[in-house]
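Can you build the whole structure from these sequences, using the hints too?
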Amino acid sequence: MELIKTLAEVPEDELFTGGHGGCRGCGAALAVRQAMKVLGPRTIINIPASCMATIGGSGLTTAWKVPFYHSLFECAPAVASGIRAALDIQGIKDVNVVSWAGDAGTADIGFQSLTGAAERQENIIHVCYDNETYMNTGGQAGSVTPYQAITPDTPAGKPTPRKDMLAIMAAHHPPYLATASVAYPLDLMQKFQKAMAIQGFRYIHILAPCFRGWGIREDQTVQLARMAVECGLWQLYEEVDGRRRVTVVPERRIPVREYLRLQGRFKNMDEAAIQDLQDEVDRRFREVQS
Amino acid sequence: MRLLLNGNEAAAHAARLARVEVLASYPITPAAPVMEKITQFIAEGSMKCNFVRVESDHSAMAAALGAAMAGARSFLITNSQGLAYMSEVLYHTSGLRQPVVMAVVNRALAAPHSRFPEHGDVVAQETCGWVQLFCENNQEVLDSLIQAFRLGEDEGVRLPVMVNYEGYIQSHTRETVDVPEQEAIDNFLPLVRRPVLDVNNPLAVNTVTGPELYMDYKYHQDAALQHAGEVLEEVSGAYARITGRDWGGAVSGYRLEDADIVLVAMGSLVSTARLAVDDLRAAGEKAGLLKIRLFRPFPAAAVRESLQAARAIIALDKNIVYGAGGALARELRAGLYGFPAAPVYSYILGLGGRDVGVEDLAGIYRQVSEQLGSGTAPAPYQWYGL
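Residue numbers (the numbering used here), protein chains in the order written: chain Y, 1 to 290; chain A, 1001 to 1386.
Just so you know, not all the hints are guaranteed correct.
Cβ pair distances, simulated, as ranges [unchecked claim]:
no., chain 1, residue 1, chain 2, residue 2, range
1, A, E1230, Y, P161, 57 to 63 Å
2, Y, R244, A, H1172, 50 to 56 Å
3, A, G1323, Y, D153, 30 to 36 Å
4, Y, R244, A, E1181, 54 to 60 Å
5, Y, D13, A, A1223, 35 to 41 Å
6, Y, V240, A, S1087, 38 to 44 Å
7, Y, S290, A, T1029, 49 to 55 Å
8, A, P1027, Y, G242, 26 to 32 Å
What the hints contain is simulated information worked out from the structure, not anything from laboratory work. Even for Gly, the Cβ is constructed at its ideal location relative to N, Cα and C.
This is the structure we're talking about:
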């Protein structure tokens, strides 16, 4: 397999085209655009309730150039399982079957069907595009919303820490698991290339900031996604059959304070809480990078 | 080939004969033996089918729907809590016009917890847009399930179909069932694939739909469901020609010709009511029976025609729509309203597995006969057997 090493090698075809309904600076749309470059036209994708389910089609128009189904909230991996079963019985091969959900459709309301499909080792790719909040309904907190983040239903800041979905998914022992970021498109695309070459259940978790939910400007989406990696909060790695390999070592390390202070949602976080988080990030950074 | 089969085994044989390609199901009592039997057929090689061992009924329906959209003939089973849990996916399946077939082994909904038969589970899904068929015995379970695929896949219908039979009374009771030859069913039920998720013809399915389109989709969906009633007549006739068994399409009458008082029932009560009618006839009563095989779309015209000579109608409901009465009685009254028609006496009975025997139905008949004689108007509905 020839991995894409430079942007010049990225296919020009857009399978998720312009003209979609996403906001300017939408991290979710960036993630899909990058991934579709690699997944290619022999892909069937289903996306449950989320911004991403709605921005790609309206009425009789669509930005999707691959078969797309806007599925129900709880069950994208189950739908994908059924699609795979149907393709297999018809002898249709070389089709990527993808369930692509937000953090709610992955970690919360969609978790039951996700853990089911992962345990059955369904031959599908599940992608979580994670903006750390329920943006399609206005930005309410979910289980992967960070500690102390202000949201419409946690106005004083979320009182509990973020759920570790990577650890949960790793516990299913998938043949491929990876983190990715819209700020590192080559790394993201290479991970899809690797996932496509493997059979079985594959899980890719993409940090895809939402400027509205994060309290940043629309031109800061990629900047914040990059700073999340640089401060160590979001580490880029992959696990093939459980063996971890860090894929991006940030060129510079920044304190988490720099990352947090740019975002309106963390304005209530005091210095003590930030220091606690820094300590945790440093510990976790050493653990993953070692 | 004649076999001694319970309703669940008959359903599994129907799935085998229909060459079901994807089964997605989650175990629930008393429907689970259907999936066990099918997985056994798969294991022994008498069926080529992919079983998706989902973690819930919601995912079962979602996987069956995904499989249908990708072009496979798909089937599943459930009842009661599982059916209620699937509810929103039922609406997706009908709204997306996917001909999934489901065996619903009717069981009461909790609370209080019950694992026994009644029709409350399926009645709770009466607006979900599926064709809803009811079976009176295990032969009809097998025959209706095979017919359900042809009906749902009909190009003018393209809708999912539920085939209902009751827990234990049918699911776990063995009867002689004639199992047709595979070749006959292959001729009756050719496989025509119409995938909507196809990499060679990419479509965006279920995009955001505004007021300018939503209502038109719903108009076509309702028209297709109404049309399913007509197609069922053709399908039943075609099936009768290959098997000799005619279940009569949407409704069928028994000793109706000169009947004064007509019992109307669905499901296993139909078999019981046949015996009650025979007993009443032997005692000199002009009793008759109208079997409702098709509940959705409700065959109002056929019902009116069948009941035009009746002096009184007895609706037997194994369900309760709280605050409104029996679902069948409500349909009968609505269908007869505005036409010269007999009064409808509505009985709620047999809930949660409470037994209803031949004597019970004969007793109800006599009760109504007396009320009719005394000129007493029917109550909105009454509970029987408390």
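Quiz prompt | Unmet hints by their number, sorted upward, for this structure | solution = When the structure is compared with the hints, none of them turns out to be violated.
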